[in-house]
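Peer 1: Residue-level listing of the chains:
Number of protein chains: 2
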Amino acid sequence: MTDLAARILRNDRRALARAITLVESTRADHRAQAIDLLQELAGHGRQALRIGLSGTPGVGKSTFIESFGAMLVERGLTVAVLAVDPSSARTGGSILGDKTRMERLSRMQGAFIRPSPSQTHLGGVARRTREAVALCEAAGFDVVIVETVGVGQSETVVAELSDVFVLLLAPAGGDELQGVKRGIMEAADMIVVNKADGDLKATANRTRADYAGALRLLRKRPQDAPGFPKALTASALQEEGLAQVWEEITALGDWRRAEGHWQARREAQARHWFIEELRQSLLARLETPQARAQIDAAAAQVARGEAAAGAAAQAVMASLQSGGESLDVS
Amino acid sequence: MTDLAARILRNDRRALARAITLVESTRADHRAQAIDLLQELAGHGRQALRIGLSGTPGVGKSTFIESFGAMLVERGLTVAVLAVDPSSARTGGSILGDKTRMERLSRMQGAFIRPSPSQTHLGGVARRTREAVALCEAAGFDVVIVETVGVGQSETVVAELSDVFVLLLAPAGGDELQGVKRGIMEAADMIVVNKADGDLKATANRTRADYAGALRLLRKRPQDAPGFPKALTASALQEEGLAQVWEEITALGDWRRAEGHWQARREAQARHWFIEELRQSLLARLETPQARAQIDAAAAQVARGEAAAGAAAQAVMASLQSGGESLDVS
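If you're matching them up, the sequences are chains D and C in order.
Numbering follows the UniProt record's numbering, in which position 164 of the first sequence is assigned residue number 164; successive positions increment by one, without gaps.
Numbering follows the UniProt record's numbering, in which position 149 of the second sequence is assigned residue number 149; successive positions increment by one, without gaps.
Just so you know, these hints were derived from the structure itself, not from any lab.
Treat each hint with caution, since some may be false.
To be verified - 30 Å max Cα-Cα, derived BS3-like pairs, lysine-lysine:
#1 LYS201/D x LYS220/C
#2 LYS201/C x LYS201/D
#3 LYS220/D x LYS220/C
Said to hold, decoys possible - From the derived model, a few chain D residues whose C-beta atoms are all more than 12 Å from chain C:
#4 ARG10
#5 MET108
#6 GLN109
#7 ALA307
From a predicted model like this one, the values you see are computed outputs, not experimental measurements.
Backbone N, C-alpha and C fix where the C-beta goes; we use that ideal spot for every residue, glycine too.
Can you build the whole structure from these sequences, using the hints too?
Peer 2: Listed below in structure tokens is the structure:
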């Protein structure tokens, strides 16, 4: 076993940080090292509880993670916090780009906070995040919180790698109601309406009831425990309702373990990501400059109705094949 | 121009039926003919109004299409009806497997009804349906209704090839409430609660209000005209509310045309399907028996936690490459 792997398994935070930098790197030699390291760690470590947390800027995500994470650490748990969003899309209000905004949690011995990487594009986000989660699990954290502001497909990525997916909302009613981005509500195991304090408390309760009603209109999934998906209220600022959120999360986790859904979901996710990795390796052949130019030209013809999709695809495939090098496995 | 193409452009129903059989076929020579035919027809014909219609068995889809289609034909429009579902998943209650169940509509001169193919798997459904829609447009139909019972990903397929996507529901309340399959509500431009007649009328109105409330909680998309997505009630049996459904569909279509969303959506869909076609051609290389066996073995290792996804994918890619023939363009 390499020294880096051994140190990660001993929960050495500097080694963990270095390993995450490795999986975030786009350099080919770093990538090769990252693959070897993850393979070394496979089967070691243990399962953390992976909590996916999505919420648009302004819902108080930073305060929520700070208060919720601190509560868990005070209960003796170790907590890692990761962010999944492409940096280009992050505008102010993001905690994780600025560790100092989670000052209390970041000072705690039981917590590990990884700021969002400064240069990522969404395509690489899924792999980077999945691998960073695997590293945190190898390091033995009890809970891994993966945060997303839900840019592009990032909330789907987070839902696909979490054991429990929580959607955080702010109290809103009437004209303020922005609505939830499509796809997120349907992935949620739990909706938490934050800022249920002071003047907003009544609005928060109404918002909770509205979403509880909407959740009841969705068909139950096999992995939904009785009563789930649930809608709750909380105040991260006043540290109210956080214990209940944790109770519900662990109750759902326990139910899924008892019913066999937990392990089945983990295995399905692992399989999904492996197939995805394989597909991406193959599809990378369509990403060479030569292939891209041909594809863009053909796509424009199809969009204008000048060519049918099937014939255009056949022509591009034949051209790429005769082109030779562009179809090499890279 | 081939005779078959010319006959389709003249709205020859037998030629259209034969062409759809061609795109449904899995035989390589049929596939080659289908690709040539669709390429010949590209740019000919005109845009129909493509209405996607999803609803689980029991919501009265057959009666709805019969009454709604007949109303359109009586107004002087021509209507083609296609079904998108994998036949294996169709259990009773399906109109389109049995043309006689839409007796009135099928006898009308202005209507063309294509039963669901007897042997299809979901993977091929998207392409088959998209190509059948293109053939119906080439044949000059004013309206093409694509019906799905929402098995697997079929409702996503239908949403991706329709101009307006309608979700049909039955009145239900309290314990009966089954809920809508995740992903469908979010794709809907309009929800129609059918069977709003007799004893069920009050329940239908309540169901409509429930879903109208839920739709308001979703974020607006750029292509949502003011007031959309909408929830309506109708009775296909009593032929009530159908005119309003049609008015809303055309109003939405007109708004989208005026705002530039219609053509933009058409072009985005064409581009999407072309890229999808190209991706599927490439990914077919993972579908050879040799590749499948390796992938299944590796996926099982990853699922058991014995291997990391990245290393396993790398090993399979290397093996397929050295294997040679399995990576040939087929």
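Peer 1: Evaluate each hint against the coordinates.
Peer 2: Hints, one by one, checked against the model:
A distance of roughly 26 Å separates the Cα atoms of LYS201/D and LYS220/C; the hinted pair therefore holds under the 30 Å criterion. Restraint check for LYS201/C and LYS201/D: the C-alpha separation of about 37 Å exceeds 30 Å, so the hint is violated. For a cut-off of 30 Å, the pair hint linking LYS220/D to LYS220/C stands: about 25 Å separates their Cα positions. Annotated as non-interface, ARG10/D keeps its C-beta farther than 12 Å from every C-beta of chain C; the closest such distance is 20 Å.
No beta-carbon of chain C is positioned within 12 Å of the beta-carbon of MET108/D; the least distance is around 29 Å. No beta-carbon of chain C is positioned within 12 Å of the beta-carbon of GLN109/D; the least distance is around 28 Å. Not every Cβ of chain C is farther than 12 Å from the Cβ of ALA307/D; the closest lies at roughly 6 Å, contradicting the non-interface assignment.
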